[in-house]
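Same order as they appear, the protein sequences are chains A and B.
Count the first sequence with the working numbering and you get residues 1 to 171, in order.
Count the second sequence with the working numbering and you get residues 172 to 402, in order.
It is worth saying that the hints were derived from the structure and are not from the lab.
Treat the hints with care, as some may be off.
To be verified - Straight-line C-alpha distance at most 25 Å; calculated DSS-like pairs for lysine-lysine:
| # | chain 1 | residue 1 | chain 2 | residue 2 |
| --- | --- | --- | --- | --- |
| 1 | B | Lys188 | A | Lys55 |
| 2 | A | Lys7 | A | Lys58 |
| 3 | A | Lys117 | B | Lys217 |
| 4 | B | Lys217 | A | Lys34 |
| 5 | A | Lys155 | B | Lys217 |
| 6 | A | Lys7 | A | Lys55 |
Chain residues, written in single-letter form:
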Amino acid sequence: MSMKERKFDALLGIYYEDLYRFAYWLGKDEQMAKDLVQESYLRAWRAIDSLKDEKAAKSWIFTILRREFARQFEKKRPITNSLDEMVVEVEDQTQHTPDELMDINITREAMMKLEPKYAEPLVLQVIGGFSCDEIAEQLAISSSAVMTQLFRARKQLTSHLSRESKIGNKL
Amino acid sequence: MNYFEFKQILASDPYSKDPDFLAAKNNDTRCYRAYQEAMKRERTIKAALEIPVPQHNIQHIKFRQAQDKQNTLRNQFFAVAASAVLMIGAGLFFLNNNQSSELERFINEALMMEPTVYMSDEEIPHDELQPLFASINTAVDGDLGDVHFMKLCPTLNGKGARMVFMNDFNQPITVLYMPNSPIESAFDMQMDGFKGKIVALEQGSAAIIARPHESTAQIETALINTLRPIQ
């Protein structure tokens, strides 16, 4: 393995899972997520020498993926999976009670309906682990706008969860 | 920080590292209880977002990195050869599979009729492509991409074009443009060793044929966004 490959793996390889999940929730399509991650890693591979601040590697690769998504797919709206077609399993079902699994699935349904402007900062925060300031920088909006979007995202998810849970309890 | 200010931050940023927020969480019982409740919801959200990740995709990424290195050294002859192999393979595949649609049958025949690809070493300038497209009532509105071969040919309901594009990774991708064969929406053609997709365009459709690891998204987007009917 060359020096470049070692550097690349150490700096960026560790974000593969987070990036895939980010890509999935951006486009809500599995194939699109795979393509996006592949393209982003390849672009990062070609430009790795231009990354001066290694601490910024995570933010850098997420930004590449966001731009790649905008470049390739913004004009052509992704085909959003219908909820019935959504075959996404909970990673480790044994970690969750049946009630928790139901809540997780309801939350996923709500995520599929969540507008991108709300979904994107939420995934960056929860999956990417970015702070509000870092998200603001990535999205080129103010921190207060990020806070508002995160507030609305959570509100929509929790109200969907509470509504669906009530329906579920009635049955 | 009072309880209401705490709740406000909690509702949007439960992971906040703000010292006042952390102090309120640790020192105020009501705040701590609200925090516990919020984190319970957060665990559900996090579990919902943590979809399973396909690990085999990593191999594709590594393969493409290796390929990218090789691509800088690869000559056009390899591209031509690869393209020809692709065309023959795709043709054979189509021949051996029952095609359900008329359009797929046509693509099968078109690929079998002419399995050899002629390709120029250089990208064909767009101003040379324009008259060819114009002759099939098509305008190129924007950057179509890196076209190395284009030939007008008969298609299902009139004249169309066969093209070879090079994607960002110097991989030859075959495209069959069929301006007189509209489809309602894109569909995939599954095949062993190859991937095929017919995409809907503003005028007609286009079939994109490539090997599974080859990137076609960019070419697909370019076709959709740039090929327009001449009004």
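Status of the hints after comparison with the structure:
| no. | hint | result |
| --- | --- | --- |
| 1 | B:Lys188 / A:Lys55 | 19 Å, holds |
| 2 | A:Lys7 / A:Lys58 | 13 Å, holds |
| 3 | A:Lys117 / B:Lys217 | 18 Å, holds |
| 4 | B:Lys217 / A:Lys34 | 21 Å, holds |
| 5 | A:Lys155 / B:Lys217 | 15 Å, holds |
| 6 | A:Lys7 / A:Lys55 | 13 Å, holds |
Checked against the numbered hints above, the structure violates none of them.
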